[in-house]
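Trainee: Protein sequences, first through last, are from chains A and S.
Under numbering that gives the first Met the number 0, think of the first position of the first sequence as 0, with each following residue one higher.
Under numbering that gives the first Met the number 0, think of the first position of the second sequence as 0, with each following residue one higher.
Just so you know, not all the hints are guaranteed correct.
[To be verified] Straight-line distance between alpha carbons at most 30 Å, and here's what the computed DSSO-like set of lysine-lysine pairs gives:
#1 A:Lys-56 with S:Lys-283
#2 S:Lys-495 with A:Lys-177
#3 A:Lys-56 with A:Lys-27
#4 S:Lys-495 with A:Lys-165
[As the list claims (entries may be wrong)] Quick look at which bits of chain S chain A covers, simulated, 3 or more residues with Cβ under 8 Å:
#5 373 to 379
#6 382 to 396
[Stated by the list, open to error] Partial pick of chain S residues on the chain A-facing surface, computed with a CB cut under 8 Å:
#7 Tyr-281
#8 Lys-283
#9 Pro-368
#10 Ser-370
#11 Lys-495
Because the hints were derived from the structure by calculation, they are not lab data.
Cβ atoms here follow ideal geometry from the backbone N, Cα and C, with glycine treated the same way.
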Amino acid sequence: MNAPEFQHGPRTADTAEFDRLTAIAAGKVVPTEIHDEVLAEEPLITVKDFNLSYGPKQVLFDNHLPIPRGKVTALIGPSGCGKSTLLRSVNRMNDLIDTVSVSGRITLSGDDVYGPGVDVIELRRRMGMVFQKSNPFPMSIRENVVYALRINGERNRAVLDRVCEKALRGAALWDEVKDRLDESALGMSGGQQQRLCIARAIAAEPEVLLMDEPCSALDPIATTRVEELILRLRGDYTVLIVTHNMQQASRVSDYTAFMYLGQIVEYGPTAQLFTNPHLKETEDYITGRFG
Amino acid sequence: MMGNGRTSPRATSLLARGEPMVWLAGFGLVTGLVMVTVLVVLVFWQGLTTFWPRPVEEITTRGGRVLMGEVTRQEDYQPEPGLAGGLEGDAARAVLDELDRQGGRLHRRLVRTGNFELTGEHFRWVADYDVAAATRPGWALVFERMAWGRFYGTPIAFVAGDSVLATAPEKVWELYRKHHHDHRVDLDGAAYAMRTLTADGGTEDIALADIVRAYPANRLSFAGKVGLYLARWGEFLTAEPREANSEGGVFPAIFGTVLMTLGMTILVVPFGVMSALYLREYAKQGWLTSAVRISINNLAGVPSIVFGVFGMGFFSYFVGGRIDALFFADRLPNPTFGTGGIMWASLTLALLTLPVVIVATEEALAAVPDSMREGSFACGATRWQTIRRVVLPRSLPGIMTGAILAMARGAGEVAPLMLVGAVKLAPDLPLDLHFPFLHPERSFMHLGFHIYDLGFQSQNSEAAKPMVFTTTLLLMGIVLFLNAAAILLRSRLARKYTGSKF
């Protein structure tokens, strides 16, 4: 059994307020509080009874999370609570770690992500991913953007150029780089690099955009630009974003799930979750009384 | 925590401040640098002065013997006790004077007297006390010949067969310059020759065809010396060796060294990179990969001669023998591939330098951030696509570093080469204009082996010694050139692939 990373300290007086959290910390699996508004939406991705372990250490417990199509869903929670692990489970990036074992289901448009015989490569092509630290490849800006098409065998220059422009416009980067598409992407500023990574992620027109703390390494101005970009992408793309910044979650997302120690505690429309959560525990976390 | 040590200067120990360590580290660096500098300066000085023409001295000894030649070096030496007692009058007094003056040591000079076919020696030590007179005769000529080493003499006539064409030195010299380069025989077919008077009073005719180069050492202007110096360098770099390698050029050795090194690099880099790729990108990390890694590192510590023995046994005799039996059976028992050759030498050195390339490549691969690999996987790339398009370009500068190190190591290696194909003299280059142009089975000359051969196998070791330094200088220059080219390439790649300002 994993030791709780989060220490409450002496809180004998108000233990009752932390009912679920103390239960989770004690190793119990608690039910997720899901608002009805979420269930009313049509889910594109459905996470159901999902468990994940790194070797003997279990990090995700019975996760249940329907992610609405065309909406921005944020995962919040304290560091190490499994937000990123859950995100990376969706496009099976955790497969790269040898000791990972999973149970339960994740479906994308009804297709079982972990089903037998699933082509992981094909699966990942249906999802774009943006990482915490921008990771442009050591090649030109143009080649970075069309990377997914290139590895898919696309050689038609006209198609590549069209996709490149569209993706860069989509990532609000076109005007800044249109004159230096053939220069190395490594010469761009940090914020530009991250938007380039977003352009790269949306170039192949994926069904889902997975974002793993995309702004945590950016300065406030670059962060604002990326957030504006996320708002623009809403509707066209289904976005699942992990953030430890609650203001950011409230600014960019339609739905928010609060995670704690590998379990999803409460999941609902962002406005409701931040202003009128069903659970006292969620309110305490959001208002900063713990975490 | 160190910054708070304001309370008392003694609160932080000397070791905590780290300054003694700075001094120690600096001392280590300086010691290393000084030693390397001494070596490089020695090689440069000796190597660069080899071809500078020296004046010719005519020395008359107290015994009445006359010597003529170039003074190549001088030294103080400890004479045998009782030397003065065995000498007469003036000489004994000169010895005692000098011993007194120099605290028991005598001075002597090494004179390159040449004329080996007459005197049976190339060099002679002459002690100062034994010198009755030393002059620099204006018309003393130095001859560099096709055979027998140098010749020293003064011209007395220019002859064609039996007829004497000139006798005045100026006239003789003029005729020599006129005829040396083109036809060295007169219209009747009689060979032109220069009649010279040697130091010991004899005369000797030297055919123009035997003369590589002749010059009046004591009459040369500075420009003339520079011209001679450059001409000698030109010959050294472009001509084939003469006189058991102690004279002439080293072009075949330069060619062999460069070709062998390039061949080795071409062979070792792909294998090293593939090995490192498997170890780092594909293999599951565990005790087995660790064991393989340690073994590879230890392979770098195996003496190079062992690789030579392996190369000879496996490549030359086993693989080469099979090739001969299959394709060159008609030439047996003379081996074609079944003996040392440039291909086997390149392969042996590739094996020798493989650990260097693997280690450097592994480090370069490890330095590629995992976030880049993840980014590629997240785009739906396969592992190989990720390696080829992201990991390899990004680690290319590091791989180049490995290739540079391997090249430097391989170019300086001698011991294994002696067993797998480097030879003293190989006039047939492994690459020429005759089909099939590249002859991988041919043995070759190598500068490193050439240095060893000059320094330790030469019969005329005094004459060969300066050439050792010159050849060393050349080898260092070639390695430096190859490395500089590779470093230039690497920095261009690095600018292209890793110039991040995140």
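Trainee: For each hint, tell me whether it holds in the structure or not.
Mentor: Cross-check of the supplied hints:
Restraint check for Lys-56 of chain A and Lys-283 of chain S: satisfied, since their Cα atoms lie roughly 20 Å apart, inside the 30 Å limit. This hinted pair checks out: Lys-495 of chain S and Lys-177 of chain A have alpha carbons roughly 19 Å apart, not beyond 30 Å. Using a Cα cut-off of 30 Å, the hinted pair Lys-56 of chain A and Lys-27 of chain A holds, with the two alpha carbons roughly 15 Å apart. Between the alpha carbons of Lys-495 of chain S and Lys-165 of chain A the distance comes to roughly 26 Å, so the proposed pair stays at or under 30 Å and holds.
Residue count for the region 373 to 379 of chain S with a Cβ under 8 Å from a Cβ of chain A: 7. That meets the three needed, and the coverage hint holds. Counting residues of the region 382 to 396 of chain S whose beta carbon lies closer than 8 Å to any beta carbon of chain A gives 5, which reaches the threshold of three, so the coverage claim holds. Using the Cβ-Cβ criterion of 8 Å, the hint placing Tyr-281 of chain S at the interface with chain A is not satisfied: the shortest such distance is roughly 13 Å. Checking Lys-283 of chain S against chain A by beta carbon gives a least distance of about 6 Å; that is within 8 Å, so the hint holds.
At about 7 Å, the closest approach between the beta carbon of Pro-368 of chain S and any beta carbon in chain A falls short of 8 Å, and the interface hint on this residue holds. Interface hint at Ser-370 of chain S: satisfied, since its Cβ lies 4 Å from the closest Cβ of chain A, which is below the 8 Å cut-off. Satisfaction of the interface hint for Lys-495 of chain S is found here, the shortest Cβ-Cβ separation to chain A being roughly 6 Å, below the 8 Å cut-off.
The structure does not agree with numbered hint 7 stated previously, though it agrees with all others.
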